[in-house]
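Asker: Chains as they are written, first to last, in our numbering: chain F, 1 to 299; chain R, 300 to 715; chain P, 716 to 993; chain U, 994 to 1367; chain L, 1368 to 1741.
In case anyone wonders, no lab produced these hints; they're calculated from the structure. Quick caveat, the model's predicted, so the values are computed rather than measured. Using N, Cα and C, we set each Cβ at its ideal position, and we do this for glycine too. A couple of the hints might just be wrong.
[Unchecked claim] Straight line, CA to CA, 30 Å or less: simulated BS3-like cross-link-like pairs of lysine-lysine: (1) U:1010 with L:1476; (2) L:1384 with U:1102; (3) R:669 with R:465.
[Unchecked claim] Selected chain P positions facing chain F (Cβ under 10 Å, derived; list incomplete): (4) 724; (5) 725; (6) 737; (7) 789; (8) 790; (9) 804; (10) 837; (11) 922; (12) 962.
[Unchecked claim] Derived DEER-like restraints, expressed as beta-carbon distance ranges: (13) R:434 with P:802: 58 to 64 Å; (14) F:115 with P:982: 46 to 52 Å; (15) U:1049 with P:802: 46 to 52 Å; (16) L:1578 with P:720: 36 to 42 Å; (17) L:1551 with F:36: 54 to 60 Å; (18) U:1297 with P:720: 55 to 61 Å; (19) U:1103 with F:38: 40 to 46 Å; (20) L:1586 with U:1330: 17 to 23 Å; (21) U:1009 with L:1697: 43 to 49 Å.
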Amino acid sequence: MTGPATTATPAPAPRGEAKTATATTAAARRRRARRRTVLVQTACIAITLFMGVPIYLVALAALSSREALNEFPLALLPTDPSFETMRVFLTSTGVTGAFVNSIEVGLLSLVLSLALGVPAGYAVARYAFRGREPYQLFLLMTRALPIVVLSVPLARVFLGTGLYDTTYAVALLHTALALPTTVLITSAIFVAVPAEHEEAAMVFGATPARAFTRVVLPQALPGIAAAAIFTFVTSWNEVLGAAILTFNRRTLPAQVLSTLSDSPLAYRFAGGFALVVPALVFIAFMRRYLLNMWGTTIR
Amino acid sequence: GGSSTSGADGGEGAVNFLSTQFTPVEERQRFETILSERVKAAPVAYNPVAPGVFASTLTSQADAGNMQISLVGGVHGDLAPHAQRFENLDDLASKLTDRRFPDEIAELGRLGGAGTMYIPWMQASYVLAVHKRALEWLPAGADVQNLTYDQFLTWMRDAQRGNGGKPVLGLPCGPKGLVHRFFQGYLLPSYTGGQITTFRNPDAVTAWQYMKELWALTAPASTNFDNMQEPLARGEVLVAWDHVARLVNAPAASPGDWVMAPAPRGPKGLGYMLIVAGLAIPRGAPELDLAKSVIEALTTPDVQTEVLRRNAFFPVVDAPPATDLPPAIALEAEAVRRQQDADGTIVALPPVGIGARDGEVSQVFLNTFKEICLDGRGVQQVLDAQATQLNTILDEVKVPCWRPDPVGAEQTCRVA
Amino acid sequence: MPVPVLLIAPSVVFLAALFLWPVIVGVSQAFTGTDGVTLAHLRRMLDDPYFWPAVRNTALLIVVLIPLQFAFALAMALLLRSRPRLSSFYFYVWCVPLAVSDLAAGLIWLSILTDRGYLNSVLAHLGLGDGFAWLSYQNPTTMFIAVLLAELWRATSLVLVIVVAGLQNIPRDYDEAAAVFGAGYWQRLRHVILPQLRPSLQVALILRTILGLQTFAVAQALTGRNFPLLVGETYQWYVGLQNERVAAAIALVILAVSIGTAMVYLRVLRDPSIQGRR
Amino acid sequence: MAEIVMTNLVKTYPGTKNRATDDISLHVDDGEFLVLVGPSGCGKTTLLRMIAGLESPDVGSVHIGGRDVTDLPARQRDLSMVFQSYAIFPHMRVRQNIAFGLTMRKTPKAEIERRVAEAAEMLHLTDYLDRYPAQLSGGQRQRVAVARAIVVDTGVLLMDEPLSNLDALLRMQFRTELKRIVAKLGTTTVYVTHDQAEALSLGDRVAVMRDGRIAQIGPPLDVYDAPADEFVGGFLGAPPMNFLPAHVDRTGDRVELVLGDQRLPAPDTLGGHAGGTVTVGVRAENVEVADGEAPDRVAARVEVVEPTGSAILLTVDLAGRPVKVQTPPTQRVGAGDTVWLAVDPNRMHFYDPATGAALRPAGTAGVPAPRDAG
Amino acid sequence: MAEIVMTNLVKTYPGTKNRATDDISLHVDDGEFLVLVGPSGCGKTTLLRMIAGLESPDVGSVHIGGRDVTDLPARQRDLSMVFQSYAIFPHMRVRQNIAFGLTMRKTPKAEIERRVAEAAEMLHLTDYLDRYPAQLSGGQRQRVAVARAIVVDTGVLLMDEPLSNLDALLRMQFRTELKRIVAKLGTTTVYVTHDQAEALSLGDRVAVMRDGRIAQIGPPLDVYDAPADEFVGGFLGAPPMNFLPAHVDRTGDRVELVLGDQRLPAPDTLGGHAGGTVTVGVRAENVEVADGEAPDRVAARVEVVEPTGSAILLTVDLAGRPVKVQTPPTQRVGAGDTVWLAVDPNRMHFYDPATGAALRPAGTAGVPAPRDAG
Ligand SMILES: Nc1ncnc2c1ncn2[C@@H]1O[C@H](COP(=O)(O)OP(=O)(O)OP(=O)(O)O)[C@@H](O)[C@H]1O
Ligand SMILES: Nc1ncnc2c1ncn2[C@@H]1O[C@H](COP(=O)(O)OP(=O)(O)OP(=O)(O)O)[C@@H](O)[C@H]1O
Ligand SMILES: [Mg+2]
Ligand SMILES: [Mg+2]
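The following block holds chain F by itself, in its conformation from the complex (with noise of 0.2 Å):
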């Protein structure tokens, strides 16, 4: 093996020939890959169509009027949308206050859970500390026990606080709801972050607190995205909590919710929807935390 091609041929020497038969298998391919596409697209669409036409019902049925959701076959179209439930329900008594504490109680819920949990999911994925594991059961007993036994013992730890009936209290619940899933959604994230990353910034100066808010945190942001988002839409859609701590001071499901099997169908949908919205906005929002924006993650 002492001869090697003298120069560098820029053209490959087998042609001729065999050049259509690469020709039109590279043609092949390309089909393939095409069909390929095709096929994940066709996929996408199929799985789109299944999450989101549910959600185009509940629209086309919270603004179509009473009496076109009684007729059958039910329209599929917006062919007569109607407002009037909508208005009616947008208007009805403390629908504007009890949006204003839904809110208030989520990104209170939010901050706090991830304060509280954000740390201990850090200290489930780095630590092998004893305990680790009842902890973890430990966090998962509160969220295992159907709450509604625990309300009314709940209720009165909040009346002997001075905190009932506030939006804290439910503030509180909910994020005691959520920090389950914060802390072990965000230890699954945490794991996957190189300690040596956490060795480098710590090398160079920064403090434990700040090695962890400069680099590990933001390599973690789509699990702690992921975790915020089910906070936020728990405490945004959670009825029976905030039903037993508050009485004058709702959240939006427990002032619609709660009750509203006992409306007439139309308002049932444009309470469903009505509610939908605003975590459809959040979720929007928080959607591009979840894909990391610095490429393709490097060791």
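Put chains R, P, U and L with the ligands on the given structure of chain F with help from the hints.
Answerer: Positioned in the frame of chain F, the structure of chains R, P, U and L with the ligands alone reads:
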């Protein structure tokens, strides 16, 4: 923190009113209008909640000794479990003698004890709603306003046949439906003359046999129906039995197409149930006096009529017959009146004095229904088994029977 | 004090302050009667005609639903990972059910599947009969499928979001290396992607199971009490029957099952390669 | 049959302006060992990735073994690779990591075991087979990556700085083994390295890259001895080739280079440039250093003395420019001493001062002195 | 004042049996440049990590600048480090990565900018300041890691193979710069490398590690010329030192080494071993190769000829053993030729065949020939 959502910012000088009634958005809206227009004594923060929340809130506040609610309102079954948590309202009751509450209703307000625990607020009943299209199959000679259960069965059978094999009858058997009241207050009293004591006697067997046949003619989707006005409005069923408040929207759009009628009668008479809502004041409630003034205001004939007019709940006071009712409500009012005024009525009350076990007693009837009609078990065998269950509960609470069972003060109610 | 203890302490204190007493009260309810300790409530629970069907349905739902859901969520995540055009739009739509409460989800699916719902409307528009009773107690199979479908719709996004977040931190290097060494798509999935996704999958599995054991609103909306679930029974006993003691007994069953499965997941899915923990 | 033919490969990474590879055409024969060198960031990895199918070129095609594989996914190209960043799987033990390619090919268990043991032995990893990568040192991880690549018997082997974190001894041992394996299996190898000795001793040919292009390709010593331009001469070799501007003067028959006020004999072939200026390139080891004055030598002042072990590297000042020259370790010189330098005219290379390109027609530089090569 | 004193450092990683560092005591003077070399896996990184405070020793202590820092966290030790695996932050642009240490120290903005620009310039990263690490080549990433470490002005600088992925030219340029910076700031530096030239040209002292212990420490050329044992001799230098067993024979005044049936003069000091066997160590470049026979020379047959660019490496057979010798590139030899070898007795090293340890009292090996050093 937080913004007020009750419309009256229930602070100092306001009455916090917790209620299980008028939860639907529109009804709530209308009742709040009545409160603000007609109740001048104090601003009222009206808070309609689901029954579970009602109970939890009341219990926790009472247990914590930190009562923040001034006034509660609910149907008898909502209030009964909390008898020991309410103020004695005898003084208020005596002040309100001019309201002339019917005796049996006032009696319910004592919750099986001696003192008045709640003041009657409104009443309601269950009737039949019938779309006029169903009348074409009505058996010859039958009067829709005065049916027997047998005629009803024939009618439904003919109607199903006429309707291309699809049942026209619907019953509220959904998870939040009230079909157990049909068994407790209508079917069984009409067939057996009783509710508890006769639970498994031969008449009861007949009644359930009848029910089995009727169920075969009932839309199977009924197990999802919490209220009947929507299936009716959709035309999914043409005939339905339900609480008046849960029927009122069906004829709203075209009252001319609808008929409202009393429930059928059985061998022992026309059994029907009285539904009473009451107002109570929790012990340790703030603004006690204001709350009493609100009760006074809510029991004036004027306000009572207004409630009927707007929200289809009937007065419990002696009010002049209301004119200018909306057509749908007028239909209902007429049917309720006919039902009350019919010959040979058997009035049934919801369980009295058994407090929190009300739900469990009702569940026994529901379980009986499930096992007989849905699971197809033998009637007698089911009744025997369920009777045991029922007696277990009753033996624990040890209360005398309530109507239509023979009421005797010293003896405890049991299934014979 | 060791660092990890300091880090978890706030959450422990917080939860204990809020829940310790309620949990003790709640749990003790199951064992106390008017006169002291009793097992009567447990017996009552076991005798209830709805209890065993509820156990069976809950188990069935969890066992069938969760694998389906994970397969579905993984498929979605992997589709997104291949970065098709419009992927960010797809991702958003696929997250949408997250925003929907279970009560609303029940309402939505009921409106689709009920006798005069959208599904039958579509069929009617297409001239395919005038309505099948999907949710009738007489058609337990379609009823079960309906519940399955609705739950799949409602709760898969949760798994999806966790999996997508987890996928973000897997360097593409490994996938590329595997491809170079001849691994096909499924082999890469099995040998490279899934093992690296293990922490996320573990968490999603735990959370999904526990939250799955907690939801009943959709099933209740669709089937009433024809398809009883354990949590639904808890609510029924607590709210409907106002017997908090039997409710607490059922809640304890749920708690035990939840913690039991979580423990199994934590043990079985423990990652042997993580030695880097301090 | 696994020759690799790259045709007009152009690749620009999204979001960057410069081409990572700029119209590269290259033919690697079946079984050839091609070494790729070039400054950091010149596109070596990119080129390997395009061969591997991990990056698809914007323009151009890749053929392997006569097949157009441009659109073929990596796993269908029958190759294996050592990644610059190792990319060993953190969740697998060393054993599974090494066996990965074999497992994917569904090799029988016993065979896998045998081959893994062999590769581990060769790379001194036997004791570490049951560890996870996180429990290894940097060099050990790199060796796992190498082992993983060489256990599979593929048509093409791509290695991206596979030995950068290993010590010289291990590197040398492995080099010998690699040569043996590759020769035995007839694997076509493309090997990226920054190590001079590796490039020269391993490669059948060496390709020098610069800014996404191939600056020169040829047998190692050709490239080393006769760099095609100043860049290659400066890049290959440690120390790099010295470049000095010189005036060409012809006095009768004699062609001479004028450096400052001193003169050096030049090859006759440079006569054509008489009167002009050229850049003279000469390697440190081709400068003969003498203590005493002699004809045809130029004087220079020693500025820095750097012992490198096997030789001494002097930086001397010649006509105001620093020149690196090498003497055997036995030579005794100190900073400040004056030394006399001579250069064999045949060892001189001449470049156009404007373009940096070799002045081929005018010198003998294009024809390297014949050598024995192992 | 930042001298580093390590005392009896022992570290065993959990889950492993062997000690990663085994009772290492080492003193690095303030401002000294210590180069650490050793086979892959010998514990170099572990030692650096213990100095940095990233790993706490099982036994022993670390003092920096007179302070016991054994239990001090990394950030309070005033040091900076180049990680073997770079550990640059993927979510920060190159600019932020380089500036990281300065930002943590709350350096003024303008100052940060200036210093980052300077470091980027030195490492040819100026064009890449606004990229994310994922958009860089391997060598560029490594340069970012180096730049990040040198922008901060700390008492101690730890570098773990900082240049392994860079080309020789860049490496050489950087070496010069690094020397300048470190000298200017008086930074105490510990530098791990596998590169011979780097080790010899950068270090004030070189420490050779083996299996978690320090095998030898001393000025570069001492270690190179007079390895303390066979291991060091074999490890340092490319090619490694040749080791040959030889019988020592005294004939009157003359001490000779008997290799097979040939004889070489040996230093007189070896006389004490007369009649015994020693291992002779000699470096390839210290063997003089001649074409013709002469007294005091031994004949050997050439087996392999390897041109390395600046020299030719011959593997010859001497008394049945392969010996590497080096000749200038001008020498013409081919495989199969016979050459005659001579070795200056002062360039020979002698080792105990049993232990591999240098026979110090009996040879001159302990005292290296005086040299100029830059
Ligand atoms: N986290 C760890 N867990 C267990 N063993 C380890 C760990 N890190 C390193 N080792 C082992 O300790 C020994 C020393 O490792 P170290 O990283 O210090 O080597 P090194 O000299 O830096 O090698 P290299 O030149 O390959 O980087 C090695 O045998 C390695 O396998
Ligand atoms: N993912 C990427 N996105 C943008 N630019 C990139 C990317 N990868 C590499 N580059 C750029 O492309 C050029 C070539 O990169 P490549 O990795 O091929 O260099 P290389 O020759 O392997 O260098 P090294 O010796 O440093 O590894 C570099 O300038 C680099 O900055
Ligand atoms: Mg590269
Ligand atoms: Mg190392």
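Asker: Within 43 to 49 Å: is that where the Cβ-Cβ distance between residue 1009 of chain U and residue 1697 of chain L falls?
Answerer: 46 Å, holds
Asker: So the hint says 17 to 23 Å: do the beta-carbon atoms of residue 1586 of chain L and residue 1330 of chain U match that?
Answerer: 22 Å, holds
Asker: Given the hint of 58 to 64 Å, check if residue 434 of chain R and residue 802 of chain P actually sit that far apart at their C-beta atoms.
Answerer: 59 Å, holds
Asker: Take a quick look at whether residue 1384 of chain L and residue 1102 of chain U sit within 30 Å of each other, Cα to Cα.
Answerer: Holds, because 29 Å separates the two Cα atoms, which is no more than 30 Å.
Asker: Double-check residue 790 of chain P for me: the hint is only fine if its C-beta lies closer than 10 Å to a C-beta in chain F.
Answerer: 8 Å, holds
Asker: Would you settle whether the hint for residue 962 of chain P is holds or violated, based on the nearest Cβ-Cβ distance to chain F being less than 10 Å?
Answerer: Residue 962 of chain P check passes; min Cβ-Cβ to chain F is 5 Å, inside 10 Å.
Asker: Confirm or reject the claim that residue 1551 of chain L and residue 36 of chain F have a C-beta distance inside 54 to 60 Å.
Answerer: 59 Å, holds
Asker: Does residue 837 of chain P meet its interface restraint, that is, does its C-beta lie within less than 10 Å of any C-beta in chain F?
Answerer: Since chain F brings a Cβ to about 7 Å from residue 837 of chain P, closer than 10 Å, the hint holds.
Asker: Can you verify the interface hint for residue 922 of chain P: is its Cβ closer than 10 Å to any Cβ in chain F?
Answerer: 6 Å, holds
Asker: Let's test the interface hint: is any C-beta of chain F closer than 10 Å to that of residue 804 of chain P?
Answerer: With Cβ-Cβ at 8 Å, under 10 Å, it holds.
Asker: Lying within 46 to 52 Å: is that true of the beta-carbon distance residue 1049 of chain U to residue 802 of chain P?
Answerer: Given about 19 Å between the Cβ atoms, the range is violated.
Asker: CB of residue 115 of chain F to CB of residue 982 of chain P, is that within 46 to 52 Å?
Answerer: 30 Å, violated
When held up to the earlier numbered hints, the structure conflicts with 7, 14, 15 and fits the remainder.
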